[in-house]
Amino acid sequence: MKSLYLAFQVYLAFAKKSFQRRMQYRVANLAGLTTNFFFLLVHIFVYTAFYAARTTPQPLNLDEIITYFVLCQVSFMLMPFWGTRSEVTSAIKDGSVALQLTKPVDFQTYWFADECGRAFYYLLMRGLPTFLISILFFKVTIPHQPTVLMAFAVSMTFAIFMSNAITITIFSSGFWTLDTTGISGMSYSIITLFSGMLVPIALWPEGLAHVARWLPFEGLIDIPFSIYLGKITGVEVWIAIGKQMVWNLFFIGLGRFLLTRGFSRLVIQGG
Amino acid sequence: MYHLSLYFHFVKLRIRSQMEYRLSFVFDVFAQASISVIDFFMIALLFNRFKELAGWSLWEVGFLYGMIGVCFALAEMFGRGFDVFQRNIVRGDFDTVLIRPLGTFFQVFSHEFLLRRLGRIAQALVVFLIANSQLTVTWSITKVGYLLISLVSGTCFFIGLFVIGATSCFWTVQSIEIINIFTNGGVFMGSYPFSIYRWWFRHFFTFIVPLACVNYFPSLFLLGKIELSGTSPIGVQLAPFAGFLFLGVTMLFWRWGVLHYQSTGH
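Protein chains in written order, with our numbering: chain A, 5 to 275; chain B, 24 to 289.
In case anyone wonders, no lab produced these hints; they're calculated from the structure.
Be aware that one or more of the hints could be misleading.
To be verified - Heads up, incomplete: computed chain B residues facing chain A, CB under 8 Å, no partners named:
1) Ala56
2) Phe64
3) Arg72
4) Glu75
5) Ala77
6) Ser80
7) Leu81
8) Val160
9) Glu200
10) Gly208
11) Tyr215
12) Ile257
Keep in mind the model is a prediction, meaning the values are calculated, not measured.
Note that beta-carbon positions come from the ideal geometry of N, C-alpha and C, so glycine has one too.
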């Protein structure tokens, strides 16, 4: 038990370092905030216009849609691909991964901790301000039941973990391809669409929505936000969170597999 | 004339160097196209549920989307030199530009040419052509000419945005990311009819940053929607020139910016 606690302390220290490193870029963060708001505003204009012409009730009403996209911008930087990633991602390409490997820690856990520090930074410095300012300007729904908020917090945590696990998996492919732009470009299209980031899955045609339900990516956006909006209730919440957990394990396992195989054939670039 | 032949020479060199990695090039062209397909897929999903947007049908919006997509991709192709200009400043490479017997604007402009944007151009063009085939646009010589001028002007508009981003590097060294709001964000908001935006938003993107002139006003004319939209016909006829004007102003800004250049040294 004690050794487990000590190990946790080590990885926590890595996460903290990763958090602190990002605190330096205040101006860049401000620019990012502005961009977040711009896209949020355009989304709201578009949906308001779409809803204006419809009289039949929709699976999500306009206020819920607005809340959904506020949450999208809040967690935008937490998704795979967005913004600068940890040094580890480029380390495989430039060979400095050799240096990282000399650390007497589990590499994947170390990388994961680093990504968690990054996520926490963006949650606090980008997500929170986005949310607070949005409350002032738009009609953002806030759930009243503490159970909903708790379920959302749990689900959101798993969403962030999965995003990190996916990031690690994708960048681990760099051991084979060196240049990960191709694979991240392809996954980008699939993930932005099937996470529900572009259009909430509730508004999709049934057949396609069904496909999305069988893919892991709804766990990044659609599941936590649907829980927040009270669209998933009761036992369904547990099933949804269970799904997130299973996919988390899947991506962590896949990442571990790729890393182990990658290290065994590792050729360090440069000297 | 001298500049023109020099430009073609530079572009030829650029293309040759990009074709060195042929497989990577082909892969990139397809990746580009597949990424941008998602944007239109999103619009199609929305129309599947809501049928219309402020009196615009899916293919009318596809017309808008295709136009702005082509302009932006062309601008990325030709204006690449300004898009990636910050690295010249960071590395201190701009010093060499200053000592050559050619204008700085021309040198930076002709320095890069991104052929792989062909994928994105093709994707936007396909959407545009499908939209056109689904709509009943009566094409005339005037309309074709108007369309071509609009596309060139729209490309100039986006290049102008890159020029602003590049020029600001003379002061900030690192490029200002805010410009992404107008480039990527501009393509996103320009994919929808401007009438859905609030007046202050609309006016800003018409008179200060003339994004509406890239595709919205031209589409009103080409699709015969001027009267429905209540815009002034003269304004719509002048719209295709806004991009040229915008680029002209940003070129003046560039010249002023160059005067403020302080080398980061070697």
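Which of the numbered hints above does this structure break?
Numbers 1, 6, 7, 8, 12 - these are the hints that the structure violates, sorted from lowest upward.
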